[in-house]
Amino acid sequence: MEDIIVKSLIIKSLIGLTIGLGFCGPTHAAESDSIATPTDSVITLEATPDTLPACSADIHGSTDHSEPVTPYTRRTERFRRGWDHLIPNQTSFQVAGGIGAFSIGIGWYYGRREQWETDVLWGFVPKANGDDMHQTLTVKQRFVPWHLPLFKSHRWTAEPLTAGAFINCIFGEGFWEKAPSKYTKGYYGFNTKVRYNLFVGQRLRYNIPRRHRRFNRSVSFYYELSMSDLYLVSSIPNKQISFFETLTLALGLRFQVF
Amino acid sequence: MLVMLTGLNSCDLLDFHPYDGRFDGPKDINARNIARIESATLGRDSIVFAVISDTQRWYDETHDAVNSINARPEIDFVIHCGDLTDFSATREFEWMRDELERLAVPYVCLIGNHDCLANGPRVFQTMFGTPNFSFNAGDTHFICLDTNALEHDYSVPIPDFAFINADLQALPSTTRRTIAAMHACPYSDQFNNNIAPQFHEKMLTYPDLQFAVCGHQHATIELEPYGDGFKYYQCGAAKGRKYLIFTLKKDGGYHREVIDY
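Those protein sequences? They're chains A and B, same order as listed. Residues 251 to 508 in our numbering are what the first sequence spells out, letter by letter. Residues 2 to 262 in our numbering are what the second sequence spells out, letter by letter.
Keep in mind the hints are simulated off the structure, nothing from the lab. Just so it is clear, CB atoms sit at the ideal spot from N, CA and C, and this is done for glycine as well. Treat the hints loosely; a few may be bogus.
[Unchecked claim] Below, a list of computed lysine-lysine pairs in the DSS-like style, where the Cα atoms sit at most 25 Å apart:
1. A:Lys443 with A:Lys428
2. A:Lys489 with B:Lys243
3. B:Lys251 with A:Lys489
[Stated by the list, open to error] Chain A stretches covered by chain B per the calculated footprint, using a threshold of three residues with CB under 8 Å from any CB of chain B:
4. 320-334
5. 340-348
6. 423-433
7. 475-483
Bound conformation, chain A alone (with noise of 0.2 Å):
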C-alpha cells in the first residue's frame, strides 16, 4: 500500500517536473533582454497569446478569443486562474542535506515579495554497509527575504538569507512512524521514519537574458546547513558534541521555471 502511494507521488512528481522543466516558460514570448518579473511573463503571455506553444495555452488555460464574454467564460476564467496558482514554477537539483544522495524537487515560490518557497522532493539513498537503498520524500517550506540585484545588468541576485523547516520521510523496512504494537506504550519515544529539521543558507541567483531562456528563467546555486531533530537532542544535554558536529549540508541548484 506504502509502495503504490510513493509510486504515485513519484510519477506525479516527474510529470510535474516534466511539464516544469519543458513546456511552460515564455521562452518564445518576447525578444527584448530585460529581466523579466512574474507579472511581466504573465502580461506578455496574454499579449501574445499567438506566439505560445499549443501546450503552454492548455496549460494556462487560455479562453477561446472568439468566444463572446459572458459571465460563464469570466466565471471559468476565474476559476482557471485560480488553479493556475498550483502549477508549480520552480524545480530543484539537491545533493546531500539529509534527504538523499541526490534529491529532485517541484515548488512554489509565492508571497508579494517572492519571500516564500514550498519544495517536494524525492530522494534517494543508496546502499550502505550492507543496508539496502531507500527513497524518501521531503517537505520543505523555506523563507528569503532579501533578494539583491548585483551589478547594474541585474544579471546576477543575492539573497543572503534562506530559512525553514522540511520534514523528511523515509521508506523502508524498519522505519516506522507509530511503534508497532509488539513494544509496550512508550517503550521508544520517538521514531525512526520521520525527521524534522531546521535550515539556514544562502543562494546566488543567475538570471537568464530573455534570448537565452530556453527552460527556465533564472537558476540559483544554493546551499543550507540543517539540524535534524535526533541530532538537536544529541548535542543539547552533550558538551562532548558540538554544534557544528550535528550539521549537515546540502548544495543544490533551483530553477524558476517561470
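Chain A is fixed; fit chain B onto it per the hints.
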C-alpha cells in the same frame, strides 16, 4: 565558519540521511580488539575487566567513564553490554565509537535493542562485527550473545543455540572458566522468555560458568533471574555514572567492584 566546516568530517557534513549507514573510520572493531585481548592475556590465570553499558546519548558521562577506566592501569579490557546509540542513527554509532576509541585498553561491544532499530544491525555489524561472538582471555572463555529477541520479532534465533553449540565445540583446551555477556538478561522484556530455562541449562554446560554480565534495565544491580544463586550482574546506564570491574583470581574466585565516577 568555512574553516570550521572544512575541519569536519566530510562524510558527516554531506550526510545523505541520518540512517544512510555511511561512516568513516575504524570498522570490524571487535575482531581487531579480540586479537589484542587474546595476545595480551595469553597464558594468564588472572584477568581484570571492566563492564560499561547503555551509554546511548550520554556522551559526557561516557567521556568521563573512559577517563576513569584509563586511569586504572590494572584493567585488561572493557566489555560494553550494548545500547551504544539511542536511535540507531549512523552518526550516533560514530560519535560513540570515537568516544570508546579513546580507551587505552581494547574493548568489545555487544548489540543492544536501541542499536537494532532501522538499519542499526547492519551498521553495528560493519563497525563492530557479528552480534554473537566469543573470545578467550588467558584461561577464561567469554561468550557474548545477542539477546534482543523482541527486536527481531522472534523470527531470528535469539539467543542462537546453533552459535552456542558451535562455540562449545570449539572451546580451547586451556579453558578453565567462562563468563557470559549479553544486553538483555533472561526474563527481561527483550529476552525470548519461552526458552529462558533451556537457555540457562545450555549455558551451564560451559566449563565453570562463573556469572553473567548484562545491561538494558539501566540500574546497577545483582540479579538472580533463575533463583538458583547464579548471578547476572547488571551494569546501569551511563546516566547513573557507575561501571563494574571484575577481577578473576588465580584461585578461581572473583571480585566485583562498582565504580562511581
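Please write out, lowest number first, the hints stated earlier that are contradicted by the structure.
-> 3, 4
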